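**Student:** Next come the chains, spelled out residue by residue.
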Amino acid sequence: MAVQSMAQTPDEAVRDVHAAEARFALENTLTRWLIGIAMVALSIGILLGIFQGFEHAGLDLYRFIRPAIKDYYQGLSLHGVLNALVWTTFFIVGFFTLAITRSLDRPLSHPWLNVVGFVLMVTGLVLTAYPLWWNLATVLYTFYPPMQADWTFYVGLTLIVVGSWFAGYGFFATLIRWRKENPGKRTPFIALTANITMAMWQLATLGVAAEMLTQLIPWSLGLIEGVDPLLARTYFWFTGHPLVYFWLLPAYISWYAMVPKQAGGKLFSENLGRLVFWLFLLLSTPVGFHHQYTDPGIPTGWKFLHAILTYGVAFPSFITAFTVCASLELGGRARGGKGWFGWIRRLPWNDPSYTAQNLAMILFAFGGISGITNASYNVNLAIHNTTWVPGHFHLTVGAAVTLTFFGIAYWMVPKLSGRQLFGRRTALVQAWTWFFGMLLFANAFHLLGLRFGVPRRTMLGAAPYRDPAWTPFLMESLVGVILLTISATLFFYVILMTVLAGKKLTKPVEMPVAQALDQDKIPAWLDSWKPWVWGAIFLIILAYGPILYQFISEMQPTSPGFRVW
Amino acid sequence: MMHVDRYEQIWIRLSVFVLIAFILAVLTASVSAGIQVPGVVQRVDPNTVTEPGSPWAEPGLRELAPGKYEAYILAQIWVFTPDEIRVPAGSEVTFYVTSKDVQHGFKILDTNINMMVIPGQVSKLTARFDEPGTYTMVCHEYCGVGHHTMYGRIVVEPTQAAAE
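Just so you know, the protein sequences line up as chains A and B, in that order. For what it's worth, the working numbering labels the leading residue of the first sequence as 32, then goes sequentially. For what it's worth, the working numbering labels the leading residue of the second sequence as 115, then goes sequentially.
What the hints contain is simulated information worked out from the structure, not anything from laboratory work. These numbers come from a predicted model, not from an experiment. Treat the hints with care, as some may be off.
The list that follows gives simulated cross-link-like pairs (lysine to aspartate or glutamate, EDC-like), each with its CA atoms no further than 20 Å apart [said to hold, decoys possible]:
| # | chain 1 | residue 1 | chain 2 | residue 2 |
| --- | --- | --- | --- | --- |
| 1 | A | K297 | B | E198 |
| 2 | A | K216 | A | D91 |
| 3 | A | K446 | A | E360 |
| 4 | B | K238 | B | E172 |
| 5 | B | K182 | B | E198 |
| 6 | A | K292 | A | D181 |
| 7 | A | K552 | B | E184 |
| 8 | B | K182 | B | D159 |
| 9 | A | K552 | B | D119 |
| 10 | A | K297 | B | D119 |
| 11 | B | K238 | B | E271 |
| 12 | B | K182 | B | D215 |
| 13 | B | K214 | A | E256 |
| 14 | B | K214 | B | D197 |
| 15 | A | K101 | A | D181 |
Please work from the sequences and hints to get the whole structure.
**Tutor:** Written as structure tokens, this is what we have:
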């Protein structure tokens with residue numbers, strides 16, 4: 032890290048910062064690799080999105096990339112896996128490796144756990160990429176059986192998840208060690224909430240682990256003849272919904288604990304923030320049936336129970352909206368903003384890291400609203416599996432999460448490379464084009480789904496039932512896709528130029544950490560793991576136990592594998 | 115307990131109120147208005163579902179009573195059988211859909227019919243067709259390279275009374 036500049040900065044404090052950075056050499060290396068791989072995956076994923084946008088608008092560009100990518104559905108499988116599973120998981124583990132160790136101000140206690148996790152994740156990625164590339168796993172990122180991919184696809188995805196577990200073990204061990212070293216101290220907000228996220232992930236991924244280990248892997252290897260597709264779906268969505276919180280909570284951590292600092296404000300109510308994350312641990316998982324409202328074979332009473340719990344998990348996001356806005360308002364006012372709305376203009380809109388994340392929050396408000404629509408039991412019939420759904424999750428994982436990660440990258444890449452961000456204005460243009468691109472794309476997709484019932488992830492350009500009334504909306508979505516393409520190009524340009532040609536920094540960038548406004552004593556129940564973990568396990572058993580027991584005991588593994596692409 | 119800002123308290127109460135209102139709204143829509151999501155019907159073996167004796171051996175429309183029908187529809191790559199159904203306006207049709215291969219979807223545009231079709235399970239919902247016209251039914255779950263060609267029609271014909 033920028034050691035050569037030390038001669039010009041005799042300041043003792045700066046020297047200390049350098050020494051502090053040297054302690055985190057391994058953590059920094061892990062984070063560099065993890066976010067580097069995440070970004071490469073994202074670049075390929077986004078590239079395929081362009082082809083989808085043109086295909087929907089009636090222009091099949093796949094003929095130009097054959098035989099590399101055979102068709103729309105192979106490209107779409109890559110788009111989903113690389114963007115939603117690889118980009119997110121790798122970035123999150125990388126971000127947490129840095130954030131947890133800086134928040135605790137100590138290196139990882141058992142770094143081998145995180146190294147093993149990294150090796151497993153990379154091995155898994157290679158195994159997953161191979162069948163996707165050779166068109167042996169064109170099953171989309173939901174891989175619903177009895178469509179059967181090559182076994183390497185399932186084993187690869189499993190290894191990515193197991194690798195992320197090991198990373199989690201490394202984080203837990205570090206937190207436990209820190210608590211021993213600092214008896215009686217409250218856990219710093221970032222370290223606590225990042226560990227809660229990883230704990231939630233451990234519980235949540237039990238579903239997909241059961242699906243992979245008891246059904247898909249033995250079945251794809253020919254060890255068992257058939258699977259029960261409904262049971263597999265149920266396992267999948269056990270993990271599938273908390274998966275979206277696994278993506279979202281790292282963004283929330285940045286919004287609560289980092290962005291207010293960047294805005295010159297404070298975290299408005301830290302205790303409520305802690306409560307919010309505990310509530311996510313409690314409620315993220317027992318809600319999976321809200322993805323299966325239209326499934327046959329699941330009693331409606333169970334679906335309704337999950338609907339109620341889903342409204343419960345919306346609650347912490349409502350609190351987040353208030354706390355984060357209030358924290359930013361503190362910043363805007365500290366910077367001289369006056370009046371009801373005057374403070375908004377005083378926020379640091381010239382800082383790309385801030386701007387990207389504030390725009391991400393705005394898009395998340397819309398995404399949250401369409402998410403509540405999806406979750407609303409029979410209202411779901413109006414939009415289930417229509418383009419409304421990708422419209423929704425491009426606002427959440429595609430905008431709220433991804434644009435926030437871009438914002439994080441705008442301070443984290445300078446920190447890790449020791450170089451100043453290259454092209455601040457370019458980065459600002461990047462954030463705004465992503466915002467407007469996603470707004471247009473998502474608006475068009477929501478409307479197409481709601482008004483015309485257009486099916487999602489369908490090769491619309493070639494669909495015989497295509498209606499001319501869709502065209503203006505498909506064109507709107509294409510304009511969005513083009514803006515997003517420009518934006519993504521700018522992002523990769525800024526990141527590459529920062530690493531390759533950025534001005535060397537004389538002192539390392541520090542992770543932004545917001546102070547709390549409320550300095551009152553923390554109630555014991557907000558710094559105590561046991562009640563929340565047991566509560567989460569209890570709710571999962573309540574919401575899934577009896578019905579899963581019934582599904583397993585009445586299992587009909589009658590479906591052989593089909594390769595239909 | 116911990117200190118919570120007064121405005122934040124109001125916000126929290128409002129959030130809880132809104133969420134409870136939503137729960138009551140969907141409950142009302144499902145109980146009073148009868149807008150139901152699919153539930154448990156019966157299980158079948160996808161490998162034998164088209165063999166004689168099964169209602170999907172000869173899928174199609176059956177009239178139960180004047181204006182009351184049931185439609186057995188078989189989903190397979192990449193067709194619905196039958197792919198066209200004709201009923202008079204004002205008919206009530208209960209759909210029984212199953213798959214003999216992979217997962218499919220079944221949505222009839224401009225109605226509340228929207229179901230997953232899962233091998234081994236039977237998806238059932240009822241709709242009333244009052245307006246004459248052609249309703250498109252599409253497969254909305256990716257089911258292979260021909261997925262986008264999987265669709266059908268429900269033709270609702272004007273009744274004689276309406277024609278006169």
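**Student:** Under the criterion that the straight-line Cα-Cα distance not exceed 20 Å, is the pair A:K552, B:E184 satisfied?
**Tutor:** violated, 65 Å
**Student:** Compare the distance between the alpha carbons of A:K297 and B:D119 with 20 Å, and conclude whether the hinted pair is satisfied.
**Tutor:** holds, 14 Å
**Student:** Are the Cα positions of B:K182 and B:D215 separated by 20 Å at most?
**Tutor:** violated, 29 Å
**Student:** For the pair supplied as a hint, B:K182 and B:E198, confirm whether the alpha-carbon distance does not exceed 20 Å.
**Tutor:** holds, 17 Å
**Student:** Regarding the pair B:K238 and B:E271, is the alpha-carbon distance no greater than 20 Å?
**Tutor:** violated, 23 Å
**Student:** Taking only the CA atoms, is the gap from B:K214 to B:D197 under or equal to 20 Å?
**Tutor:** Answer holds: B:K214 to B:D197 is near 16 Å, not above 20 Å.
**Student:** Can the restraint linking A:K292 and A:D181 be considered satisfied, given a maximum Cα separation of 20 Å?
**Tutor:** violated, 47 Å
**Student:** Measure nothing beyond the straight line between the CA atoms of A:K552 and B:D119; if it is 20 Å or shorter, mark the hint as holding.
**Tutor:** Distance of about 15 Å is within 20 Å: holds.
**Student:** Within a Cα-Cα threshold of 20 Å, do B:K214 and A:E256 meet the stated pairing?
**Tutor:** Given pair B:K214, A:E256 holds - Cα atoms ~16 Å apart, limit 20 Å.
**Student:** Straight-line Cα separation of A:K446 and A:E360 no greater than 20 Å?
**Tutor:** Roughly 27 Å separates the two Cα atoms, so the pair is violated.
**Student:** Does B:D159 lie within 20 Å of B:K182 when you go C-alpha to C-alpha?
**Tutor:** Violated - the C-alpha atoms of B:D159 and B:K182 are around 28 Å apart, more than 20 Å.
**Student:** Holds or violated: B:K238 and B:E172, Cα atoms, limit 20 Å.
**Tutor:** It holds: about 17 Å lies between the C-alpha atoms, which stays within 20 Å.
Figure legend: structure checked against the earlier numbered hints; hints not met, in rising order: 1, 2, 3, 6, 7, 8, 11, 12.
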